[in-house]
Amino acid sequence: MDFQAKLKGKDYLIRVDEQPKYWGITLQEKGQKEEFHKIPKEHFKRMDQGVSFLFDESSYMVDVVGEGTQYTVYTRGSYREIPLYNDESLLHESLKGGGAMGASDSLKSGMPGKIVDIMVVVGDNVEPGQPLLIMEAMKMENEMKATHPCVVKEILVNKGDSVESGALLIKFES
Amino acid sequence: MDFQAKLKGKDYLIRVDEQPKYWGITLQEKGQKEEFHKIPKEHFKRMDQGVSFLFDESSYMVDVVGEGTQYTVYTRGSYREIPLYNDESLLHESLKGGGAMGASDSLKSGMPGKIVDIMVVVGDNVEPGQPLLIMEAMKMENEMKATHPCVVKEILVNKGDSVESGALLIKFES
Amino acid sequence: MFKKILIANRGEIALRVIRACRELGIKSVAVFSEADRNSLHVILADEAYFVGPAPSKESYLNVDNIVKACKDSGAEAVHPGYGFLSENTDFAARLKKEGIAFIGPSPECIDMMGDKITAKKTMQKAGVPTVPGSAGLVPTAEDAIKVAKEVGYPILIKATSGGGGKGMRLVHKESEVKAAFKAAQNEARNFFGDDQVYIERYVQNPKHIEIQVFGDKQGNVIHLYERECSIQRRHQKIIEESPSPSVPKDVREKMGDISVKAAKAIGYYSAGTFEFIFDSITKEFFFMEMNTRLQVEHPITEMVTGVDLVKEQINVAFGKPLSVKQTDIVQRGHAIEARICAEDPVTFTPNPGLIRRCRHPQGPFIRVDSYAYPDYEIPIHYDPMIAKLIAWGHTREEAIQRLNRALDEFTLTGIKTNIPLHKSILDHKKFLDGSYTTQFIEKDFGDLKDMFRFLDDRVFLISAAIEAYNGYKERGSWKHNELPSKWKNVGRDKALRG
Amino acid sequence: MFKKILIANRGEIALRVIRACRELGIKSVAVFSEADRNSLHVILADEAYFVGPAPSKESYLNVDNIVKACKDSGAEAVHPGYGFLSENTDFAARLKKEGIAFIGPSPECIDMMGDKITAKKTMQKAGVPTVPGSAGLVPTAEDAIKVAKEVGYPILIKATSGGGGKGMRLVHKESEVKAAFKAAQNEARNFFGDDQVYIERYVQNPKHIEIQVFGDKQGNVIHLYERECSIQRRHQKIIEESPSPSVPKDVREKMGDISVKAAKAIGYYSAGTFEFIFDSITKEFFFMEMNTRLQVEHPITEMVTGVDLVKEQINVAFGKPLSVKQTDIVQRGHAIEARICAEDPVTFTPNPGLIRRCRHPQGPFIRVDSYAYPDYEIPIHYDPMIAKLIAWGHTREEAIQRLNRALDEFTLTGIKTNIPLHKSILDHKKFLDGSYTTQFIEKDFGDLKDMFRFLDDRVFLISAAIEAYNGYKERGSWKHNELPSKWKNVGRDKALRG
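Protein chains in written order, with the working numbering: chain B, 1307 to 1480; chain R, 1307 to 1480; chain E, 6 to 503; chain X, 6 to 503.
If we strip away everything but chain B, and leave its shape as in the complex, we get (with noise of 0.2 Å):
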């Protein structure tokens, strides 16, 4: 099965292979040779902890979450947030016409919250930089601001609503 991804802004095609003894992946950053590992599969074991991977003589125990095209590996005190498309899910991407990692007409919140305060109103023209709204979450307030000069189409929510992380807050046109 063929997956292309994207890690820290470089393009990745990965094929797995699957074999009743082992893995066969076949990795290759864009532009750059292509490297292949044979894993057996007692070195890429799922256990109740997660994955013990044991990869280029290393022992690492993964635990990796998500589904569709959005991955999160966490290993070692640290992680990769990786979309993974293979040919069926890139079909289904383009069926929907939108650019999956395109640039952003919309402003959606990080993390669950509160919203605290609204700055603009339908119709403005925003500047990159300017500040669109205040969330709370964890005793925080957080203030999200414009990354690209637009106008604003759509405001999802009001003041004092709270919201699940990933929630739509702004449409905007470009």
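These are computed hints drawn from the structure, not numbers from a lab. Heads up, some of the hints might be wrong.
Stated by the list, open to error - Derived lysine-lysine pairs resembling DSSO-like cross-links, with alpha carbons at most 27 Å apart:
(1) B:K1347 <-> X:K9
(2) X:K330 <-> E:K254
(3) E:K448 <-> E:K435
(4) X:K73 <-> X:K101
(5) R:K1339 <-> X:K454
(6) B:K1327 <-> X:K76
(7) X:K154 <-> X:K73
(8) B:K1314 <-> E:K435
(9) X:K62 <-> E:K434
(10) B:K1420 <-> B:K1312
(11) B:K1312 <-> E:K454
(12) B:K1347 <-> X:K76
(13) E:K32 <-> X:K76
(14) E:K254 <-> B:K1339
(15) B:K1351 <-> X:K62
(16) E:K9 <-> E:K73
(17) R:K1327 <-> R:K1351
(18) B:K1351 <-> X:K76
(19) X:K62 <-> R:K1420
(20) B:K1344 <-> X:K330
Given chain B, work out where chains R, E and X should sit, using these hints.
What follows is chains R, E and X alone, placed relative to chain B:
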């Protein structure tokens, strides 16, 4: 639902009366006065870590293991093994005709391990304290001795066998 | 001794106090809000009482409910932890009225030090050096601009009732004053119900050095040397250490002596902390504020001195004299604390949620104060700090190495934490040589994304791909043999989008 | 410094060495048997190599496989931990031949101290007092009876290759000699492949006091004071503490000096321990044996002295001199260790199996070295010790209180552990006043079942009943309304069976 339980050589009667918002628990030690506890369901709360139990204004994280008539309850670094019969299971036991906690007419292994040596043969008259066999588990040799005078009727294991916890090792006739 | 103590707090500090109570043979009473029935302090305490809905104002800050829990449980004393009601004069006074002991200083001391302007004046009288600033309250943004002109930029706008960075704003130029003033007022009103603010000069190249003092009701006061807490962001401490790598021996002694003298001048008892802004070049120090409570970072002082500060607090509240004298206090080795927060280490936004896996570091000279456990859902209502990781070493170098290895050992998945940030700080030249200031994160730290440089990226990529494959396979949404296999072409000819 | 170290061990001690390596910036290589693929040392090490089937003989004791793993991984040195190959001269010699450093003493020292008769003679020559016993090996049970008559009962039959209580038997009277002799030989053959035994007088009212020594290849030797390990059963240590509550200051210094002198006499380097039998009345001490390895209980010495013994071992093996001098070694406070074993606390039979819940103690002055984690299945093939819990206190009393509260905090369910035993020991008068001897468990401890007195039995009964009810309900095997409700009659008239 009514249970009969045994703990530290004492007999108890426990009635569990489930109500929408609380557990009605009637507890009576044999020969003592009964006591009633109204336990709000919020105070006996199943969580991933076990059961969080607020009882008598004290807080316990309890883990209950077992089914049928044998339960082990763990909390605060300690545990109790509790035989527990409801009417149905009492009936069940009585059909088998054996005293559930009667005198032992057999030797069972108390742990998973390996049979290192067997010191008796079928037909032997054994005295209390006489060594019967040696089991090894976790690098430790354990000599298992007779607790009462009896005759060896059947030996169900061989030297070198690996056995599970609770496995029947030797049968006796008194 | 007290037979029962109620802990008017949650999280790791509630656990800390429960532990001290257990060791002293005192029954501990937890209180919990609706969001905290599953929280570890409820599980570990001897008793637990419900005190209200999730928002702090209705539970942990609800004085009536806390007092009721004291009466229902028969608790003879209350430990307030830090935050919440720990520096609330009304609460301390109310307990006094109810005949319940408050484990902390007198209401008068809390009051005096809680108002930062009174505190500054009191300290000036006691001979402690202070930073120049507004003579008193600054009512409007216009006044703020006027004061700032006299004191000189950059300035700090600070809430008189504030603490822990809340209700505080740094302003570099006049055009920023208005927005910052409003923001500080809003936050102060929101958290402390009091929007009064004042202004101070912002000392450049500053270090945050604080002195731990301890007094008893017999009038004895000692200090337990310093902590350096200069690694901060938005005035929230991230890493603390003791001793400070920058304070010379004679200055350390002088800071200790001045603090003891000042504490005596106000008749202070229980644990208290004098916070100083320390000029890393001139080695001058100015009094910033006194915290009339146990600090989050108290464990590093415990590790180097061997003194249990919470047990001392309980003993002193009961009326016992301090168990140690100044001459018993010896700094041995070096201790560093990392505050582990449920937050995105790049954006610093809180990241509450469900913890999946959780395994804490262990082994030699490591201390963990954490309320995380597997499958625990961190509530959105409270502080993002979920654990403190403290390492001790014979030398500063060893303490850093230990903290580093303990961070590597810390497994906490399902939520983002600032562990990658800590790893990166411990690897930074300015941290390693001890020359960092409170501006470290903003000015010296560099590219925040660079903190993801430590591990082999291929491990993440391959793990994600295999698990994604397994996911498709398990859902049966994909058939292995029917897929066209044009990978090499794709790989060579086609760019990824985005 | 070494770039990579292989750890020829498993369990908590493998974790201990991995941690030291990480702190020193050295890559760690784990080895694992078929039974240990899921074990924590495999998860935490930098690299991991398979070395054979579950039985120790075929994996952790398989010299060829361990050496192959060294070569495959490119490890420059091997840390043997304790047990397994840690005191195996052939292994140490083989590594030397292969050009791989052994992190431990010279093969000559292991050899000399490994044979207990040679060890005794060597120590006698070096001026160390020893216990009377057989002049050499005792070939048959008949010889044993003869020797015992000269030395006087009670006697100990001990395997020359033995250790940790294995291949050792205590005999009180002549009629027991034959069986005990055979048992000791069997066990010795089984575990060490060598059934030679000897005999010693068994000193009455004895305490087990041991001195930690440390030497380097430059010829420096220091001691790190004593540990008392008298709480034992079948010669397996259960609780250890440092300092000993029974050893007066002058005797402590004398024991240290004699040990250093003896270690110098044999050119000893790395960590080593002189075990003494200590007469609690006369304060005499006799050399028992020298352990030429790191001890299980080394953390209590680390806690009171602040010295990291494993890092020192690695440094010394590399050829560096000791980082500390004798005058740097100061005992600060008091440390106690409890060995947490997967065993029935009443019968002492091992209780391996699946761990359900697992939450380790945390907080001030607590150290945990554990390889337990939730849903981990403890293999049946190895030692039942799964964790060490160590508490430090300013005083012995405080250390005991801390250990007690940490034991209360320790959640480990699904298997039986000896935590109730520890709780009971810490509550015993003879432990509290420090007068306990090595016979404590057998003679003084009293009713083993009494250790279940600490908690409210009703909590267990009610929990079992509600969960049993839930079980019936969930399985649908029982209908609530159809049950006859004669409980009161039953309760008053009918006795329980059994």
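Right, here's what the structure says about each hint:
| no. | hint | result |
| --- | --- | --- |
| 1 | B:K1347 <-> X:K9 | holds, 26 Å |
| 2 | X:K330 <-> E:K254 | holds, 24 Å |
| 3 | E:K448 <-> E:K435 | holds, 11 Å |
| 4 | X:K73 <-> X:K101 | holds, 14 Å |
| 5 | R:K1339 <-> X:K454 | holds, 25 Å |
| 6 | B:K1327 <-> X:K76 | holds, 25 Å |
| 7 | X:K154 <-> X:K73 | violated, 50 Å |
| 8 | B:K1314 <-> E:K435 | holds, 25 Å |
| 9 | X:K62 <-> E:K434 | violated, 48 Å |
| 10 | B:K1420 <-> B:K1312 | violated, 32 Å |
| 11 | B:K1312 <-> E:K454 | holds, 15 Å |
| 12 | B:K1347 <-> X:K76 | holds, 24 Å |
| 13 | E:K32 <-> X:K76 | violated, 57 Å |
| 14 | E:K254 <-> B:K1339 | violated, 57 Å |
| 15 | B:K1351 <-> X:K62 | holds, 26 Å |
| 16 | E:K9 <-> E:K73 | holds, 15 Å |
| 17 | R:K1327 <-> R:K1351 | holds, 12 Å |
| 18 | B:K1351 <-> X:K76 | holds, 25 Å |
| 19 | X:K62 <-> R:K1420 | holds, 15 Å |
| 20 | B:K1344 <-> X:K330 | violated, 51 Å |
Checked against the numbered hints given earlier, the structure breaks hints 7, 9, 10, 13, 14, 20 and satisfies all the rest.
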